[in-house]
Amino acid sequence: MKIYFRIKKKLDHFTIDLEYSFEKGVLVVQGESGSGKTTLLNCISGLKNPDQGRISLGDLVVFDDTLEINIPTRLRNLGYLFQNFALFPHMSVHQNIIYGIKNSPEYKNKKSRAELLSYSEHIMKTLGIHHLKKKLPNNISGGEKQRVALTRAIVTKPKLLLLDEPFSALDRETKKIVYQEFASFKELFKIPTILITHDKKENEMFGDECIYIKDGVIIGCPTEI
Amino acid sequence: MKIYFRIKKKLDHFTIDLEYSFEKGVLVVQGESGSGKTTLLNCISGLKNPDQGRISLGDLVVFDDTLEINIPTRLRNLGYLFQNFALFPHMSVHQNIIYGIKNSPEYKNKKSRAELLSYSEHIMKTLGIHHLKKKLPNNISGGEKQRVALTRAIVTKPKLLLLDEPFSALDRETKKIVYQEFASFKELFKIPTILITHDKKENEMFGDECIYIKDGVIIGCPTEI
Amino acid sequence: GNENGTSDAEGPTDEAVEINISAAASLTDALTEIQAEYAKKSNAILQFNFAASGTLQKQIQEGAPCDLFISASKGHMDTLEGDGLVVTDSRKDLLGNTLTLIATAEKADLITGPESFTNDDVASIAIGEPESVPAGNYSKQTFESLGIWDQIQEKLVFAKDVRQVLQYVDSGNADCGLVYRSDAMLLETGKIIVDMPADSHDPIVYPAAIMKNAAQPEAANAFYEFLQTDYAKKTFEKYGFQVL
Amino acid sequence: MLAPIILSLKIASIATVFSLILGVFFAYLINKKNVPGKNIWETILILPMILPPSVTGYLLLIALGKRGWIGRFLLENFELQIVFTWVGAVIAACIVSLPLMYQNVKAAFLTIDPIYEQAAQTLGSSEGKIFRTVIIPLAWPGIISGIALSFARAIGEFGATLMIAGNIPGKTQTIPTAIYFAVESGNTELANTLVLIMTIFSFVLIFGLNTWLKNKNYLDHKGRA
Amino acid sequence: MLAPIILSLKIASIATVFSLILGVFFAYLINKKNVPGKNIWETILILPMILPPSVTGYLLLIALGKRGWIGRFLLENFELQIVFTWVGAVIAACIVSLPLMYQNVKAAFLTIDPIYEQAAQTLGSSEGKIFRTVIIPLAWPGIISGIALSFARAIGEFGATLMIAGNIPGKTQTIPTAIYFAVESGNTELANTLVLIMTIFSFVLIFGLNTWLKNKNYLDHKGRA
Ligand SMILES: Nc1ncnc2c1ncn2[C@@H]1O[C@H](COP(=O)(O)OP(=O)(O)OP(=O)(O)O)[C@@H](O)[C@H]1O
Ligand SMILES: Nc1ncnc2c1ncn2[C@@H]1O[C@H](COP(=O)(O)OP(=O)(O)OP(=O)(O)O)[C@@H](O)[C@H]1O
Ligand code: MOO
Ligand SMILES: [Mg+2]
Ligand SMILES: [Mg+2]
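Chains as they are written, first to last, in my numbering: chain A, 186 to 410; chain B, 186 to 410; chain C, 15 to 258; chain D, 52 to 276; chain E, 52 to 276.
Bound conformation, chain A alone:
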């Protein structure tokens, strides 16, 4: 599936002006703090609108200002790990994780539902958050929240995955496990992913392509910096 975006959006201190497309695999986005990475994900997910531009996921044009297309977020079929997690505070860890699954058409079919649920159980176990299942997000640690948010974003097996610094709050031991799981997830489902990270190693491990953003403009690839 080809992901394409051309985004122009005026911010307070600079203007985002990006155009890029990639076919599959993981696009790593790097860039200075405040350079517009999160805003890019927000535009692709439809939570914010570009002033001008066009965004398409495969054949589906989800945004085009000249054609006045703007498909609502919920129909874009994506998984988004927010930088600040945005876990529902009133739902348990488990409820958070299966929230998106329940919306999928596969949930109605008994067999595929069981598959989805057992997959979510598997992820919770490998990421070491299974014992937190019944806890509320306010009662777990920062790194635990991050793993719950990652699980929530991937268990729906979306068409496009948006990950905003998904490993930043993890220690080295935990990271290793999560890396491994993410690698096998990537391998297994081949979901196009945009991954924001400041970590060179993560770029090397997962990045099939990469861009480096500065003040809203692509200025190359991190290895060149």
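Treat the hints as calculated values from the structure; they're not laboratory data. There could be a bad hint or two in this list.
Per label pair, the in silico range of CB-to-CB distance [to be verified]: (1) D/Lys84 - E/Phe258: 15 to 21 Å; (2) B/Lys319 - A/His316: 43 to 49 Å; (3) E/Lys61 - D/Lys265: 36 to 42 Å; (4) D/Gly259 - B/Leu196: 30 to 36 Å; (5) B/Lys319 - E/Arg123: 32 to 38 Å; (6) D/Lys84 - B/Glu389: 54 to 60 Å; (7) A/Asp250 - B/Asn294: 54 to 60 Å.
Cross-link-like lysine-lysine pairs, in silico, DSSO-like; alpha carbons within 27 Å at most [to be verified]: (8) E/Lys84 - B/Lys287; (9) D/Lys222 - B/Lys320; (10) A/Lys296 - D/Lys180; (11) B/Lys399 - B/Lys295; (12) B/Lys233 - A/Lys361; (13) A/Lys319 - B/Lys233; (14) A/Lys319 - A/Lys287; (15) B/Lys371 - A/Lys193; (16) A/Lys399 - B/Lys319; (17) D/Lys267 - E/Lys83; (18) E/Lys180 - B/Lys319; (19) B/Lys342 - B/Lys360; (20) B/Lys233 - E/Lys267; (21) B/Lys399 - A/Lys360; (22) B/Lys295 - A/Lys195; (23) B/Lys233 - A/Lys320; (24) E/Lys84 - B/Lys233.
All values reported here derive from a predicted model rather than from experimental measurement. All C-beta atoms, glycine included, are put in the ideal place defined by N, C-alpha and C.
Dock chains B, C, D and E with the ligands against the given chain A, drawing on the hints supplied.
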């Protein structure tokens, strides 16, 4: 100033049982996600209470269950960067930063007030958040929030500094700048600091001592892991 | 003190005093008209407090300032007199009233008099709540003297005062009702059918009296006397009251 | 004495349910869907609060009475008479308690961080599902406050109810009406008994709602622990 | 006609101010300081909402009248007479609007994340300062809703006011009292005019509070942009 803590606190899945003391400089705390690092800072700051134990900052015993001492947080004179920042959402970046300064006795003296304020201006400038002064925390990026939270914690020049993963959301370029500033801050004011980090390099750069926590217990120093 | 006591330039020159008068709400229009006339004769300031007689009675009992009380029923005045709050000599039945049958426009032709109460055309009869509204009590007495109290129970709607009876009938929601003649004059669409016989209930009287702890007994008495002049009588009659 | 109690409970419960539905509906429409004329709608909604209840009752009497167009419509088409029936009392109670519900729910909606709705959108939830699973649960404290006030207002409602439903013992006489007439006719004993019953109701109501609220609470307001 | 308007505004404004102070005070005491007997205090606070206003007025009359102990105390010591004065009307209006203020503020307090209070504590703020700078500003939507409802209730208050303050034209006659008696005596024109004036007041109130609320809002409820 000697910082001493002996903390016993039962959590849902294990019990925190820590004892440690250090004289000055930076104590780096490492450990797996969910091992009790944030809980340790919460106990030292007085936001949570140990079930048993004793915490003293220099001559001041701030907690002792047998003596029934429990000095309120606000009198412990510390700077705390929360893992999730906890910036006041209704105050601008600038208001957030000077909020603590206004509570200090030095704020009443005209000369020392000017010093404090010009120091906060200096930090904002070097950390690259000065242009965000008037923005609300909801309208700045993740890394920007982290720098604001760091600034807010250090500008009051507290007696003890608690930093919960203060650099995790920063890109490499920004990190360099913040590292530099933190190093000179450390040099200049020599404030005892507890620094939670998952980054070996940060331990090497700033750590005068270090502990590694697993399931609530100190099991050594990260270089040995 | 009476800090807002600015006296009229052409009025009498003696010092302006403030008289507190608690009067039944049904007297509002009549007394307001009389007040204007009285202002030409005296520079006393009339502070009327208009409310249901029951409310006025409670306020006076709890020590609210009151020089002259004009009640819409004997009972409320009796209570105050029993409490020793009334200058007994000054008590007088100032006004009388008549209980009148009114009907809603749609049913005006079908309702002819007391005999209609038991008629099937009459589905609802509004009266004041007998225990607390004087007019309701008179209405109940009337039904009892007609011997139909038990028979019409199902049709009765109790209102919290006479004016509410009026509104029910005037808006077409109650077929008929019993109100004072002075109230019946306010009907807009409803029709006055007939007065109830005076002997079907206790006499309807509006007793008045000076209060024992009146702050301005003389001035209050002066106004009290004015209420008994021909001018005042004419005015009361204009509003449907009988002058006793 | 039992009849007015049962009747009051019935009227107040039904009125509160309708007021809840309408209050939440209007709060959502006016504050989340940004219909134009917000200030005008809110003015209309708050009017029954500002007008003396007997005036509200009078207006209802005119609208719902035999000659009013709503009253005539219902009577002719459904043989439903509203004046002098408990249905009229429900309508009166609902209308006077609606402003309370509306304002409380509105305030609650305004304090919900939009990030949660956004997260739900990325997880594929429809507007209706977001409303049910995110907005309503996060607005609980305000909704419960609205329920408490509306029920209190509805069960205590007197002026408007009396006007539209009349005071027909055994049919439309509610507790407040009974209290009013007991007080008016000097029946202190009955009045006291009924006031006591009302007080007990309030206690049960407050107790129930507080317990419910506690169970729904996901924030820790207990202070240090 | 001007006198009741001015009087009503004066009474409602003063009553709302007192109700605001008391409502916030009780909400803080009962919900933040965890005084025992929460349910009982709240029952007492909500009673004036449940009892028919004329009953509330009667109870006030008994307490504040010349024979009541409060009334006698005030009269003997301060030569202050409450019955039949606008002060009585203020007290009545304040008491009937207090439940509204309390419940709204309570709901607002319960939705504030305690992390902000904790952050303020680490920055050295006293309880009073946290109250002023953190709790109150974060509770704005609920407080404003409370003000709107309380003012509406206070300016519309009639039953209790009539009982304690009387209906003395030019001295204690308020708009609702004037409306009530205008309707009672069939003076439709005057009643309509007064109702219109009330409606205009409501509009100005709602408009003002909404504008204020907008300025105080730090969350973005405008949807995608
Ligand atoms: N909600 C908002 N409203 C207005 N401006 C915003 C908002 N969020 C971010 N900004 C500004 O837009 C710019 C880009 O922000 P963005 O969050 O996209 O940065 P980022 O690249 O994700 O940074 P970081 O690595 O620190 O998360 C920054 O200058 C920031 O201050
Ligand atoms: N508010 C809370 N209530 C109950 N349990 C909690 C709470 N916060 C954390 N915990 C639990 O306590 C344990 C220690 O949490 P803590 O936040 O101290 O971990 P941490 O070392 O800071 O982890 P991280 O690196 O992921 O931030 C974890 O098991 C966590 O689930
Ligand atoms: O004049 Mo009355 O006391 O209102 O019936
Ligand atoms: Mg970001
Ligand atoms: Mg932590």
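How the hints compare with the structure:
1. D/Lys84 - E/Phe258: 15 to 21 Å: holds (20 Å)
2. B/Lys319 - A/His316: 43 to 49 Å: Since the Cβ atoms of B/Lys319 and A/His316 sit about 44 Å apart, the hinted range of 43 to 49 Å holds.
3. E/Lys61 - D/Lys265: 36 to 42 Å: holds (41 Å)
4. D/Gly259 - B/Leu196: 30 to 36 Å: Roughly 33 Å apart at Cβ, these two residues keep to the hinted range, so it holds.
5. B/Lys319 - E/Arg123: 32 to 38 Å: For E/Arg123 against B/Lys319, whose Cβ atoms are near 58 Å apart, the range 32 to 38 Å is violated.
6. D/Lys84 - B/Glu389: 54 to 60 Å: This hint holds: roughly 55 Å between Cβ atoms.
7. A/Asp250 - B/Asn294: 54 to 60 Å: holds (56 Å)
8. E/Lys84 - B/Lys287: holds (25 Å)
9. D/Lys222 - B/Lys320: Violated, at about 62 Å.
10. A/Lys296 - D/Lys180: Roughly 24 Å separates the two Cα atoms, so the pair holds.
11. B/Lys399 - B/Lys295: violated (48 Å)
12. B/Lys233 - A/Lys361: violated (31 Å)
13. A/Lys319 - B/Lys233: The given pair, whose Cα atoms are some 22 Å apart, holds under the 27 Å limit.
14. A/Lys319 - A/Lys287: The hint holds at about 18 Å.
15. B/Lys371 - A/Lys193: violated (42 Å)
16. A/Lys399 - B/Lys319: Holds, at about 22 Å.
17. D/Lys267 - E/Lys83: Between D/Lys267 and E/Lys83 the Cα gap is close to 17 Å, so the pair holds against 27 Å.
18. E/Lys180 - B/Lys319: Distance of about 22 Å is within 27 Å: holds.
19. B/Lys342 - B/Lys360: With Cα atoms ~21 Å apart, B/Lys342 and B/Lys360 stay inside 27 Å; holds.
20. B/Lys233 - E/Lys267: Judged against 27 Å, a Cα distance of about 31 Å means the pair is violated.
21. B/Lys399 - A/Lys360: holds (15 Å)
22. B/Lys295 - A/Lys195: violated (41 Å)
23. B/Lys233 - A/Lys320: Between B/Lys233 and A/Lys320 the Cα gap is close to 19 Å, so the pair holds against 27 Å.
24. E/Lys84 - B/Lys233: At roughly 17 Å apart (the allowed maximum being 27 Å), B/Lys233 and E/Lys84 satisfy the hint.
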